[in-house]
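*Asks:* As a plain string of letters, each chain reads:
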Amino acid sequence: MKIAEPYFTRVFKTLLFVLLLLPALYYGWGIWQDQLGANPLEAVIRGLGDWALRILLLTLVMSPLRRMINWAQALRLRRMLGLYAYFYVVLHLLGYLWFDQFFDWEEIWFDILERPFITIGMAAFVLLTPLALTSTKGMIRRLGKNWKRLHSLVYLIAILAVIHFWWMVKLDVTEPAIYSAILAILLSERLYQKFSS
Amino acid sequence: MLILKSKDIKENEVTDFEIYQNRRKFMKTAAGVGISAVSGLPIIQANAKGVVSPYSTDEKLTDYEDITSYCNFYEFGTGKSDPARNAHTLVTSPWTVTVEGECEKPGQYNLEDLLKPVSIEERIYRFRCVEGWSMVIPWMGFPLADLIKRMQPTSKAKYVYFETLNDPEQMPGQKRAVLDWPYREGLRMDEAMNPLTLMGTGIYGKDLLNQNGAPLRLVVPWKYGFKNIKSIVKISFLETQPVNTWQKANKNEYGFFSNVNPEVSHPRWSQRKERRIGQFRKIKTQKFNGYGEQVASLYKGMDLKKYY
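Protein chains in written order, with our numbering: chain A, 1 to 197; chain B, 198 to 505.
Just so you know, the hints here were simulated from the structure itself, not pulled from any lab data.
Treat the hints loosely; a few may be bogus.
[Said to hold, decoys possible] Listed next, the in silico SDA-like pairs over lysine to any residue satisfying Cα-Cα at most 25 Å (straight line):
(1) A:K170 x B:R373
(2) B:K277 x B:P392
(3) B:K302 x B:P392
(4) B:K484 x B:L393
(5) B:K502 x A:V169
(6) B:K470 x A:L171
(7) A:K170 x B:L393
(8) A:K148 x A:I31
(9) B:K277 x A:V169
[To be verified] Now the stretches of chain A that chain B is said to cover, found in silico as 3 or more residues with beta-carbon under 8 Å:
(10) 33–45
(11) 107–114
(12) 162–171
[What the hints assert, rightly or not] With beta-carbon atoms standing in for the labels, derived distance ranges:
(13) A:Q193 x B:N363: 44 to 52 Å
(14) B:S278 x A:I185: 29 to 37 Å
(15) A:F17 x B:K503: 52 to 60 Å
Heads up, the beta-carbon is just placed ideally off N, CA and C, and yes, glycines get one too.
Make the full structure from the sequences, and use the hints.
*Replies:* As structure tokens, this is what we get:
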């Protein structure tokens, strides 16, 4: 599969860029218009977290997609997807720091130390940051072989993100279980590729 | 300890819904221009035509819309908006409550018969969920103590135990075993007899909606929300402490007493603060949800970190 080159960069990538911006616009609009139910601040924090996780998993879909439908261009979407995942992670974190804790740093530090799901979420954010910072062409060139090694951290980050969600849930783990299953499929496909080659 | 006893009030004396709505409008306007701060009068007393219970708070009421759309009622689904969407399948009339155990008057009671001798009154209580959010709810109801006295518990009755309806046809959430159905709760006898403890039958002067636990629910304002068992079909007087549903689901996180306590953190949430629905900033959580004056003596000498 191949999308004609000018369409791929000009139309397809632009469309994807706009599409991935929509959740952020939706939550911004929802807050503004008070359309997010009785507990809008929690809805925003959770919703942004959901999208961060979804887009992070989407970045992991690209290389299997290339293998399965022979679509090499998929790999060229990974940087945008990865940066969007980081964008939603940052908004999600900002939502927590602001709407949940109102920048009470003592309370936040307490949370990081005492609540395992916060600890693990924070770890995922810390690990994802160098990946976002080294996503430029210059950094890819400069890091050479190490770039790939650094960016394979994404597998660990995805696992941490799913656990973060799982441990946050009070009782009904249906949703985190679905994300876990998707991640398990994506990771085992890679293991299969590695050992069958 | 408050010694004032609220007088019996007739149904038509209770603040009706339109007045509430007007009061809401007034409060919103007042908040905008600062009238309430200038007048210094509690707005609720100035507007209500019914008798104000001395147990009622004069804090700003949570919107009816929020109280009836943001609910935890896993019998109708685990999402906050599920109960409002799904609870229409519950049939609340006729409704029978079974009373059994250590009492002189066990039996099957029609709801009307249970309600006939009581006078419904209004109580505006704070409501604090274990998840860290809270509301101010104008309940309609009657003291649980009235009902208990009529059932004449024996000297063996140390606890009162409650059960929610168990019928997956009416309560579709029960088709999934997320909790061990039926939902169960319990109170120690002195907690149940405390004048704050209500059997709730309505909010905002109207009958309870199904998603809020129609037609009969428990209201214990100094405990976390999940103690306030909904749609009650069984009341039993027990000698030993029952195991409540959330304690059974996860006893490291939920206890029998479940008193609101900012000093005892839930493993996944600090309980020091709460989000009052409708407000932007969080507020500090009060011990016993601010009802310490009425209930702290019930727990004298108990280690509340151990008996959470």
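*Asks:* Given the proposed pairing of K302 of chain B with P392 of chain B, does the C-alpha separation stay at or below 25 Å?
*Replies:* holds, 22 Å
*Asks:* Do S278 of chain B and I185 of chain A keep their Cβ atoms within the hinted range of 29 to 37 Å?
*Replies:* Given range 29 to 37 Å: holds, Cβ gap about 30 Å.
*Asks:* Please work out if K277 of chain B and V169 of chain A have their alpha carbons no farther apart than 25 Å.
*Replies:* holds, 13 Å
*Asks:* Does the structure keep K170 of chain A and L393 of chain B at a Cα separation of 25 Å or less?
*Replies:* Since the Cα atoms of K170 of chain A and L393 of chain B sit roughly 29 Å apart, the hinted pair is violated (cutoff 25 Å).
*Asks:* Taking only the CA atoms, is the gap from K502 of chain B to V169 of chain A under or equal to 25 Å?
*Replies:* Satisfied, since the Cα-Cα distance of roughly 24 Å is no more than 25 Å.
*Asks:* Is K148 of chain A within 25 Å of I31 of chain A, Cα to Cα?
*Replies:* violated, 39 Å
*Asks:* Tell me whether the statement that chain B covers the segment 107–114 of chain A is true, taking a Cβ distance below 8 Å and needing three residues at minimum.
*Replies:* holds (count 4)
*Asks:* K470 of chain B and L171 of chain A were given as a pair; does the straight-line alpha-carbon distance stay at or below 25 Å?
*Replies:* holds, 22 Å
*Asks:* Can you confirm whether the C-alpha distance between K170 of chain A and R373 of chain B stays at or below 25 Å?
*Replies:* holds, 16 Å
*Asks:* Starting from K277 of chain B, check that the Cα of P392 of chain B is at most 25 Å away, please.
*Replies:* With a Cα-Cα distance of about 30 Å, the restraint between K277 of chain B and P392 of chain B is violated, given a limit of 25 Å.
*Asks:* Do F17 of chain A and K503 of chain B keep their Cβ atoms within the hinted range of 52 to 60 Å?
*Replies:* holds, 55 Å
*Asks:* Verify this for me: three or more residues of the segment 33–45 of chain A with a beta carbon less than 8 Å from a beta carbon of chain B.
*Replies:* holds (count 5)
Taken one by one, the earlier hints fail for this structure at numbers 2, 7, 8, listed in ascending order.
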